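S.K.: Sequence:
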Amino acid sequence: TLGQWWTPGVVGVLDELAGGAWLAADDESLAVLVNREGTPDVPVPTSRGELVLDAVAGRALPQPLTTLGFNLIRATSRGVDVTAWTGSGPPRVVALAPGTHMVSHSDVDDPSNPRVARWLDDFAAASTADKPDGHWWEPWVDVLRRTTELAPTDPQAIICDNRPHGYPTLSLLLVVASIGPEGSALAASTLTEPGRWNTPVFEPAR
Numbered sequence: 474t475l476g477q478w479w480t481p482g483v484v485g486v487l488d489e490l491a492g493g494a495w496l497a498a499d500d501e502s503l504a505v506l507v508n509r510e511g512t513p514d515v516p517v518p519t520s521r522g523e524l525v526l527d528a529v530a531g532r533a534l535p536q537p538l539t540t541l542g543f544n545l546i547r548a549t550s551r552g553v554d555v556t557a558w559t560g561s562g563p564p565r566v567v568a569l570a571p572g573t574h575m576v577s578h579s580d581v582d583d584p585s586n587p588r589v590a591r592w593l594d595d596f597a598a599a600s601t602a603d604k605p606d607g608h609w610w611e612p613w614v615d616v617l618r619r620t621t622e623l624a625p626t627d628p629q630a631i632i633c634d635n636r637p638h639g640y641p642t643l644s645l646l647l648v649v650a651s652i653g654p655e656g657s658a659l660a661a662s663t664l665t666e667p668g669r670w671n672t673p674v675f676e677p678a679r
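Under this note's numbering, the residues of the sequence shown are numbered 474 to 679, in order.
Calculated from the structure, these hints are not laboratory results.
One should not assume that every hint holds.
[As the list claims (entries may be wrong)] Ranges of calculated distance between the beta carbons of each label pair, as one might list FRET restraints:
1. Pro-571 - Gly-531: 21 to 27 angstroms
2. Ala-624 - Ser-585: 19 to 25 angstroms
3. Thr-626 - Arg-551: 36 to 42 angstroms
4. Ala-598 - Asn-671: 20 to 26 angstroms
5. Arg-619 - Asp-583: 16 to 22 angstroms
6. Pro-535 - Glu-611: 24 to 30 angstroms
7. Glu-501 - Arg-619: 30 to 36 angstroms
8. Ser-520 - Val-566: 19 to 25 angstroms
9. Arg-618 - Glu-501: 30 to 36 angstroms
10. Glu-666 - Thr-519: 28 to 34 angstroms
Just so it is clear, the structure is predicted and the values come from calculations on it, not from any experiment.
Glycine residues also receive a C-beta, built at the ideal position from the N, C-alpha and C atoms.
Could you put together the complete structure from these sequences and hints?
M.R.: The following block contains the structure:
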């Protein structure tokens, strides 16, 4: 669940194993981390969970990097950038142009990624203009619901069960987030059954 698990004013999703986060935000920035392939040349890789908290705090990436590969998205009211690392060499930083983008386990908007190739245009076509009730995310959630017509093990699925592919991971949580000059706003809905769709009920972060 979303909460203030670390520094007061920083809200995010706690990684109960490592104590870090895969999503966190304060009033100035929002950061999300997505795993990707890449193994550093170290005996035991370090956790990626601190990278999100460092990004929100404005701290630079540790040097040398000793984590597994990642895509680290950082958004502020001024723009969004994605830092990609594949386990070796320097990380790559890409500033995103205004518009709709998808970040999965490869490069941004990667057409060779089955999930991105299938759904990016659908998300881009779904208007997230301001709604009277403030629920700007509903058109995107409707696209997400349609993605669940696929089996959770399908490579194009977004609500996933990755166990048959050799990864012990399932989708657990939906989070909607926005950030602007007035600050950040986050709300979350936990899936009743991991890897299986149910109509979300979003609760704002406390």
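S.K.: Against each hint, give a clear statement of whether it holds in the structure.
M.R.: Here is what the structure says about each hint:
In this structure the hint that Pro-571 and Gly-531 lie 21 to 27 angstroms apart at CB holds, the actual value being about 23 angstroms. The given range of 19 to 25 angstroms is respected by Ala-624 and Ser-585, whose C-beta atoms sit roughly 21 angstroms from each other. At about 39 angstroms, the beta-carbon gap between Thr-626 and Arg-551 stays in the expected band of 36 to 42 angstroms. Taken as a hint, the range 20 to 26 angstroms holds for the pair Ala-598 and Asn-671, whose Cβ atoms sit roughly 25 angstroms apart.
Under the hint 16 to 22 angstroms, the C-beta atoms of Arg-619 and Asp-583, about 21 angstroms apart, fit the expected range. In this structure the supplied range 24 to 30 angstroms is violated for Pro-535 paired with Glu-611, their Cβ-Cβ distance being about 39 angstroms. Hint check: Glu-501 to Arg-619, Cβ distance near 34 angstroms, so the stated range 30 to 36 angstroms holds. For the hinted restraint 19 to 25 angstroms between Ser-520 and Val-566, the CB-CB distance of approximately 21 angstroms keeps it satisfied.
Checked against the hint of 30 to 36 angstroms, the C-beta distance between Arg-618 and Glu-501 comes to roughly 32 angstroms, which is consistent with it. The given range of 28 to 34 angstroms is respected by Glu-666 and Thr-519, whose C-beta atoms sit roughly 32 angstroms from each other.
Violated hint: 6 only; the structure is consistent with all others.
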